[in-house]
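Participant: Add chain D to chain R, keeping to what the hints say.
Okay, here's what each chain looks like letter by letter:
2 protein chains.
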Amino acid sequence: MSTTTQETRNGVNVAQLVETIGAIQNDPSLATFRFRATNTWLGGGHSRTSINGFWGAGQEDASRQTPFTLEGDEPPVLLGQNNGPNAVEAVLHALASCLAVGFVYNAAAQGIEVRELEFDLEGELDLHGFLGLSEQTRPGYGHITLTYRVDADATSEQIDELCQYVQRTSPVLDIIKNPVTVTVARR
Amino acid sequence: MSTTTQETRNGVNVAQLVETIGAIQNDPSLATFRFRATNTWLGGGHSRTSINGFWGAGQEDASRQTPFTLEGDEPPVLLGQNNGPNAVEAVLHALASCLAVGFVYNAAAQGIEVRELEFDLEGELDLHGFLGLSEQTRPGYGHITLTYRVDADATSEQIDELCQYVQRTSPVLDIIKNPVTVTVARR
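Chains as they are written, first to last, in our numbering: chain R, 1 to 187; chain D, 1 to 187.
Take these hints with a grain of salt, some might be off.
Below, computed lysine to aspartate or glutamate pairings styled on EDC-like, alpha-carbon distance capped at 20 Å [what the hints assert, rightly or not]:
no.: 1; chain 1: D; residue 1: K177; chain 2: R; residue 2: E124
no.: 2; chain 1: D; residue 1: K177; chain 2: D; residue 2: E122
no.: 3; chain 1: R; residue 1: K177; chain 2: D; residue 2: E124
no.: 4; chain 1: D; residue 1: K177; chain 2: D; residue 2: E124
no.: 5; chain 1: R; residue 1: K177; chain 2: R; residue 2: E124
no.: 6; chain 1: D; residue 1: K177; chain 2: D; residue 2: D120
no.: 7; chain 1: R; residue 1: K177; chain 2: R; residue 2: D120
no.: 8; chain 1: R; residue 1: K177; chain 2: R; residue 2: E122
no.: 9; chain 1: R; residue 1: K177; chain 2: D; residue 2: E135
no.: 10; chain 1: D; residue 1: K177; chain 2: R; residue 2: E135
These are computed hints drawn from the structure, not numbers from a lab.
Same shape as in the complex, but just chain R (with noise of 0.2 Å):
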């Protein structure tokens, strides 16, 4: 397989992509990335999330003209009016979009062409948790069902192996599925 700065696979720069790799290879700092969100409060469950900037890749990135916004609230079974998807929502919105980008470029480096992917997601949820009704309740997801499919260029066992891979790789599928510390401080 040739690689030229000109080819892309499944819409992958794959020059780039390895271009990447190689430059964290020789200085392992370029991998540090900090992502930022403000979030305000809008009145009921509604919140508005603003999305720009980032330090990665040894520097500050100033790619974004504008901020992205993401709408928050709840339903009105939830006490909300429906201005966006729930926080939980939110989570498996995540989660799929990580998975694609997972899948797609780690497709790309190993010559798969993906033609079609689609996730389906669903999360059960306690609400006694949230609450405060029993703390034997966890507040969060008991546990999230994903399925996938996906028309590739690879064998039924290539495929396997790819979902495996980007698996252990996937950043929000290791948030979800392993703790991670977070520190809460007023200001």
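Facilitator: For chain D alone, kept in the frame of chain R given last:
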């Protein structure tokens, strides 16, 4: 404190909140919620999540007329085209919007008026994990730092106590801080 069906505090219908808690105490099965999402890959790092119905309070929710859509992509330095925030940035949004709901709902229940509430979040991540360059480096955030600013009709001690309670009962904080089982299967 008297509550009527008309009473709202912080934009939260306090009477409905009390009713919801009472209904779940009477019938614990009402506390089971199943949230869903579907994600479709669109090319490169870009995918789109659609979020609409869910199961909760004993029935399929029908309050949303049109699905919410959330875009996910990577910035150019991570081989994407900035069609949306990336997956780990979406995790920060999910965490903040969850804490906002928890803070404001519980403040309303306690009779505390919240005027302003804002969260700043930062998550640090080492790309060695995602790129498969080190099995010692976790793919996800090593650490998330959150600071908040609140203007509310409460003492500093009341705010701290409320914040502790919110942290104990936040679904997304629980999902991030503690392990969640995720099942992945191909269709």
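Participant: Each hint needs a verdict: does it hold in this structure or not?
Facilitator: Hints and how they fare:
1. For the proposed pair D/K177 and R/E124, the alpha carbon gap of about 17 Å is at most 20 Å, so the pair holds.
2. Between D/K177 and D/E122 the CA atoms are separated by roughly 15 Å; this keeps the pair inside 20 Å, and the hint holds.
3. Restraint check: the Cα-Cα separation between R/K177 and D/E124 comes to about 17 Å, which is no more than 20 Å; the hinted pair holds.
4. Restraint check for D/K177 and D/E124: satisfied, since their Cα atoms lie roughly 15 Å apart, inside the 20 Å limit.
5. Between the alpha carbons of R/K177 and R/E124 the distance comes to roughly 15 Å, so the proposed pair stays at or under 20 Å and holds.
6. Taking the CA atoms of D/K177 and D/D120, the gap is about 18 Å. The hint holds against a cut of 20 Å.
7. Note on R/K177 and R/D120: the hinted pairing holds, with a Cα-Cα distance of about 18 Å set against a maximum of 20 Å.
8. Of the pairs offered as hints, the one joining R/K177 and R/E122 holds, with about 15 Å between alpha carbons and a cut-off of 20 Å not exceeded.
9. Restraint check: the Cα-Cα separation between R/K177 and D/E135 comes to about 16 Å, which is no more than 20 Å; the hinted pair holds.
10. Between D/K177 and R/E135 the alpha-carbon distance is near 16 Å, which keeps this suggested pair within the 20 Å criterion.
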